[in-house]
Amino acid sequence: MTPEPVSAAASAKTDAIEAKDLTRTFGGFTAVDHITFSVRVGEVFGFLGANGAGKTTAIRMLTGLLTPSGGSARVAGHDVYTESEAIKRNIGYMSQQFSLYEDLTARENIRLYGGIYDLSRAQIRERGDRMLEQLGLSAVGNRPVRDLPLGWRQKLAFSVALLHRPRVVFLDEPTSGVDPITRRQFWESIYETASSGTTVLVTTHYMDEAEYCDRISIMVAGKIAAMGTPADLKHDRGVASIDDLFVQLARPA
Amino acid sequence: MSTSVAVDNLVKHFGTTKALDGVSFEVERGELFGLIGPDGAGKTTLLRILVTLLLPQSGHATVLGNDVVTDMWALRQRVGYMAGRFSLYPDLSVEENLQFFASVFGTTIEHEHDRIAPIYSQLEPFKGRRAAALSGGMKQKLALCCALVHRPEILFLDEPTTGVDAVSRREFWDLLDGLTREGLTTIVSTPYMDEATRCHRVALIQRGRLLAVDTPASIVAAFDRPLFGIKTPNRYDALRALREYERVHSIYPFGEQLHYTDKDLDREPRAIQREVAEFLRSRGIEQVSVDTIEPSIEDSFIARMGTPETMRGDAA
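Protein sequences appear in the order of chains A and B. Residue numbering for the first sequence follows the numbering used here, starting at 1 and increasing by one per position. Residue numbering for the second sequence follows the numbering used here, starting at 1 and increasing by one per position.
Be aware that a few hints might be false.
[What the hints assert, rightly or not] Within a straight-line C-alpha distance of at most 16 Å, the following computed EDC-like cross-link-like pairs (lysine to aspartate or glutamate) qualify:
id	chain 1	residue 1	chain 2	residue 2
1	B	Lys263	B	Glu246
2	B	Lys231	B	Glu286
3	A	Lys223	A	Asp21
4	B	Lys263	B	Glu244
5	B	Lys18	A	Asp147
6	B	Lys231	B	Asp291
7	A	Lys88	A	Asp118
8	B	Lys127	B	Glu95
9	B	Lys127	B	Glu96
10	B	Lys231	A	Asp214
11	B	Lys231	A	Asp232
12	A	Lys234	B	Glu256
These aren't lab readings, by the way, just hints derived from the structure by calculation.
Build out the structure end to end from the sequences listed, making use of the hints.
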């Protein structure tokens, strides 16, 4: 398959994610504090921040799971306040914690997710077969997911999150604990997905992975403290790595 | 130096899965020893055997001279163990959790204050807070405190920094440095390769086998061929192109660069640099720089691990 160049996809008119002054408070605590950013179609956007900085709350708002307290946001062209159901149909989501039903087989998981997203039986069968074939999992498609090695489960979970061809996919620490080679293969599938026009928003605690993103943002205490390409950020802030920048921002001396 | 941990050919199966496939190593007294490998490598199984929570099928291990199978009860008083999953009581406060663990070992917070003070001082402002409401980094500090409260002679920490942000990870390692300076032997497992450099010695572990046991510097020094870092704005295109390059031995992304090794061990590094850059230009990839670079632990791990799980034919 020949992915289209990112530049062609990125020239599309609307951004995949647009957030303006997006805010969420819990009682007296402001978890997300007026964040403004946009992600272009086909971009790989790294969404970084310390634990408790507000990433999860922001992602919950952008995926239509949590109503914002203020500001605005559109995801895949839909408003987070009024069109959360449309958003859910147009996004994919994968996290390390929970993605697949481990007692179900790979094929059963595909059928379940396909059914949830209203794919026809023919679509589920056709896309599922092709997915398993591409992943090299055809032979083990009828085994419970829990029997697969972690790296395989992660790849399968990513493919399942893309089954309904979402316009934006959210990946929450997708490579946590995975061996270094499998981690890199996973990033190649991210690139491939992005170059076919699907927008990717990804969180990670591996700072070397931040460097793989087209652009990143770093959240500190509910605000976006830095945003840009990894190269520009390092150059502007005079640091050698994103790891150093992260430490500088998250724990100012 | 005396030996604190001696592991001899440990084997542990779960059904048909070989969690540990003949593991041997020693840890000296006072060492900060790292067990580095991905999920499923066998780190947790190994630590659980060493703290007497699991029995091996074969092989032997002693900790502080006590056999982990036959001297289990003597050993339990002497080891501190922090489990991989957050293992505190979420509905108890910080102080109550600590009191509980102290009382299990027949002691009190006050009595052990000097041992835990450097860490507990960071938690004290939140001592009334429920453990469930702590941040990830703070939870880990509390778990460490609870593992130390009975003054163990040796400490086993299972992935204390997993899922914790880069800053909190650094802070946690600073705490471990402090404990090591006081002479405590510590064995810590982690999936983060970059944390290897915080250890005196490390074991690289993959699929139940040790790939190497040595100081981080020696492991890196044993990297068997020149390593090149390639920078280009078209990183993904360059990666795909170099996969098809006839001289490539390995090529993979690493942070902002691609890491490249050449098949030919005897070739001049300068010649390799020039040829790789020329090859990329011939494929239409411009703005390329190729430099010789120092390998990291992660490069060494990749070189030693061979075929990863996702490339094997026997997926399940």
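Hints, one by one, checked against the model:
At most 16 Å may separate the alpha-carbon atoms for a hinted pair to count; lysine 263 of chain B and glutamate 246 of chain B meet this at roughly 9 Å. For the given pair, lysine 231 of chain B sits about 10 Å from glutamate 286 of chain B by alpha-carbon distance, which is consistent with the 16 Å threshold. Under the criterion of a C-alpha separation no larger than 16 Å, the hint pairing lysine 223 of chain A with aspartate 21 of chain A is consistent with the structure, at around 10 Å. Restraint check: the Cα-Cα separation between lysine 263 of chain B and glutamate 244 of chain B comes to about 13 Å, which is no more than 16 Å; the hinted pair holds.
Using a Cα cut-off of 16 Å, the hinted pair lysine 18 of chain B and aspartate 147 of chain A holds, with the two alpha carbons roughly 13 Å apart. About 9 Å separates the Cα atoms of lysine 231 of chain B and aspartate 291 of chain B, which keeps this hinted pair within 16 Å; it holds. Between lysine 88 of chain A and aspartate 118 of chain A the CA atoms are separated by roughly 12 Å; this keeps the pair inside 16 Å, and the hint holds. At most 16 Å may separate the alpha-carbon atoms for a hinted pair to count; lysine 127 of chain B and glutamate 95 of chain B meet this at roughly 5 Å.
For the given pair, lysine 127 of chain B sits about 8 Å from glutamate 96 of chain B by alpha-carbon distance, which is consistent with the 16 Å threshold. Straight-line distance between C-alpha atoms of lysine 231 of chain B and aspartate 214 of chain A comes to about 15 Å, which keeps the hinted pair within the 16 Å bound. Pair hint lysine 231 of chain B plus aspartate 232 of chain A holds up; C-alpha atoms about 15 Å apart against a cutoff of 16 Å. The hinted pair formed by lysine 234 of chain A and glutamate 256 of chain B meets the criterion: a straight-line CA distance of about 11 Å does not exceed 16 Å.
Of the numbered hints given earlier, the model fails none.
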